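We have chain A; now place chain B onto it with these hints.
The primary structure of each chain is shown beneath.
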Amino acid sequence: MTIDVSAGPVAVYASALQQGVDTLHPLTPAAALLAYAGAFCARDAGFIAGLASPTALVEVPLLKPNRLHGAREIGAGHAAIFETVAAARFDIEAPVEAGDHAIATGTLAITRADASHERHDIGLVSELRDGRLQRLSLYFNARRVRLWSDRAIL
Amino acid sequence: MTPVAAFAAYCEAFAQGDGAAMAALFTDDGVFEAPTLDRPVRGRAALEKQLRIIAQSMRDISTDVRIAVEDGDKGWFEGAFHAEVIGTGFKVDGSPHRVDFRFVATVEMRDGAIARLVEFFDTRPLHVEERQRMWAINRRSPYWEASVAAGAMEWSVYNSMHFAMTYGRMPYEDYAELLEGVTLWDVGLERQTQLKGRDAHAFLDYLTCRDMSTMRPGDCRYALVCDEAGALMVDPVVLWPFEDTIWLSHGNFDLTLWARGIAMHGAWDVEVCEPDVAPLQVQGPLSLAVLAKICPAPLADMKNYTCLVTKVAGEAAVVSRTGWSGGFGFEVFPLSSARARRLWDAILEAGEEHAIKVTGPIVHRAVERGVTDFNYYMSCAMNPLEDVACHLVDLDKEADFIGRQALRRIAADGVKRHSVGLVFEGEVPRLEWFWDLQDGRGGHGVVRWAVHSFALKRSIGIAVVDKAVKVGDMVEVAHPFGTTRAEVTTIPFVDRGD
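First to last, the sequence lines map onto chains A and B.
Take 187 as the starting number for the first sequence in the numbering used here and just add one per residue.
Take 6 as the starting number for the second sequence in the numbering used here and just add one per residue.
Keep in mind the hints are simulated off the structure, nothing from the lab.
Since the model is a prediction, treat every value here as computed from it, not as a measurement.
Heads up, some of the hints might be wrong.
What the hints assert, rightly or not - Pair by pair, the computed Cβ-Cβ distance ranges are:
| # | chain 1 | residue 1 | chain 2 | residue 2 | range |
| --- | --- | --- | --- | --- | --- |
| 1 | B | 134 | A | 275 | 22 to 32 Å |
| 2 | B | 431 | A | 316 | 23 to 33 Å |
| 3 | A | 275 | B | 438 | 44 to 54 Å |
| 4 | B | 460 | A | 275 | 46 to 56 Å |
| 5 | B | 97 | A | 307 | 29 to 39 Å |
| 6 | A | 280 | B | 161 | 45 to 55 Å |
| 7 | A | 297 | B | 7 | 39 to 49 Å |
| 8 | A | 307 | B | 276 | 52 to 62 Å |
| 9 | B | 150 | A | 307 | 21 to 31 Å |
| 10 | B | 445 | A | 253 | 46 to 56 Å |
| 11 | B | 490 | A | 305 | 52 to 62 Å |
Cβ coordinates follow ideal geometry from the N, Cα and C atoms, glycine included.
Bound conformation, chain A alone:
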């Protein structure tokens, strides 16, 4: 499968979704990063879990705990986020790649279920192993912002 990484997170996610999560692999690091961001915007925890390798790590500042290991935790963690997030939008520049890694920066705008808004300047890093998403790290300042889940995920 070929994904056009110039299409942006939502389009990359939609394209990948159309062809089935199981057919995504192998991915490029940039495509994995954008697919994750697109799935986040679509609040699709199942897709994100399917994107990850069995030993993958996803790091999200506003989650407790911040580090989700393996598809099960990753799926549960994002499901908990999406219970409290009504809408999300990533505006990020085209990722740059270095070997198995991709980096992108931009902004993430969130509308919570209670209609409050927040906007973060973000950095995103994806790392692939054997063609699957092994690590997705989200960087932003979560200080003085209410957690995306008010309960522990694990």
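Leaving out everything else, chain B in the frame of chain A:
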């Protein structure tokens, strides 16, 4: 220089605390952005100052860049930063106060220099997660909401008022701002004991063991107040703002209650009360530039330890050339709390162009300058002749004063202790209660203040010790994490520097 090379050079200069080297990597109009900053830093001079302050707030700095990508004039990085914060006095378990975090950074180059450097990281794990919660058993200053909005994290109690101590920054950041810029501090907890009436001046002289007879309207004086047994109670700054009104701007002691009790049982024609006056301190070399924008009084002509009545941002206020920094600065005393918050906001607005910082007490600088604070409730049974300011005691002044006979007896018998400085051989924890001191020859004492000195790059302290303990002696100080040797020295530790 390529983006990857520039970022490597930046990390290297940061580890060395070399602000000039960091700034030299940027274009003249270079920009630095990070989550720990209130606003982007623009221009080489501002970059040199800000980056130096951040870097010198820490030690043992290292950066591991794990991913580095560049494409033309832009670079992207993922890495891990490691450092130890200086000056917090360890965590409560004695472990170092570390700031270790991972980050993403981008660098945009122009003509071989950094035009923009942006860092992305979460500051949540770096400091306590939320501000200390309060109980409704103490008073608030009129600036309470403003200090919370400014990020106050930790409070103490002072004169039965909440006292904002820290704002979630590293100690050196506040210290450097005090020495190089301008700070705003809520000292609404510093209460005024107001003496009003025909005998106000004479009554003041009776309350204090310093000769106040030469004081005139417009003057300010530091003074010591003791009880009838000669025990030191408090060390107020006295202001004489109006012809018929004197304020003793005092520390953590109910001086008004003490003075009212004395006035009630004497023949003084004086009214004693605590007026609704909650001061602010605007301190630092740029404090004049800030206040001059919103105050019509000739502040530049004010001498140290003088005061005047004026308006600040249109609000009636007393302004004094005083403050708890041992350096240049002002205190502003709005004459009512009702519109004091408006005055706070006006000072912040006036200070915007100078990047004014709201801070708590900058104890590190105060101790370096030998500026302390005394209260009866934690006195070590000190008398004024043992204090740092013992030279202000005038046993032979014309007016009688409370404690004169007791102090004369103490002086005749020989003063047993004196206040000295200490330079520690190692770092010491935050002083949460006084530490015992021994000199190995039977002499002992009590350490009442201890901080990291950013000027001397080592820990320092102030102790009251037996007279036999002399400058140059080595002593051992027992604190919660062990024993640290210290050399006895004089106070202050550093000059004013202004």
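Hints, verified against the model:
Checked against the hint of 22 to 32 Å, the C-beta distance between residue 134 (chain B) and residue 275 (chain A) comes to roughly 27 Å, which is consistent with it. Checked against the given bound of 23 to 33 Å, the beta carbons of residue 431 (chain B) and residue 316 (chain A), roughly 51 Å apart, lie outside it. Distance hint check for residue 275 (chain A) and residue 438 (chain B): the Cβ-Cβ separation is about 53 Å, which falls inside the suggested range of 44 to 54 Å. A beta carbon spacing of about 49 Å between residue 460 (chain B) and residue 275 (chain A) agrees with the range 46 to 56 Å that was offered as a hint.
For the hinted restraint 29 to 39 Å between residue 97 (chain B) and residue 307 (chain A), the CB-CB distance of approximately 33 Å keeps it satisfied. The supplied range of 45 to 55 Å is met by residue 280 (chain A) and residue 161 (chain B), whose beta-carbon atoms lie about 51 Å from each other. At about 40 Å, the CB distance of residue 297 (chain A) to residue 7 (chain B) agrees with the hint of 39 to 49 Å. Between residue 307 (chain A) and residue 276 (chain B) the C-beta distance comes to about 58 Å, which sits within the given range of 52 to 62 Å.
Separation of residue 150 (chain B) from residue 307 (chain A) is about 27 Å and conforms to the stated range, judged on CB atoms against 21 to 31 Å. Hint check: residue 445 (chain B) to residue 253 (chain A), Cβ distance near 52 Å, so the stated range 46 to 56 Å holds. For residue 490 (chain B) paired with residue 305 (chain A), a C-beta distance near 53 Å keeps the hint of 52 to 62 Å intact.
Comparing the model with each earlier hint shows a violation of hint 2 alone; every other hint is respected.
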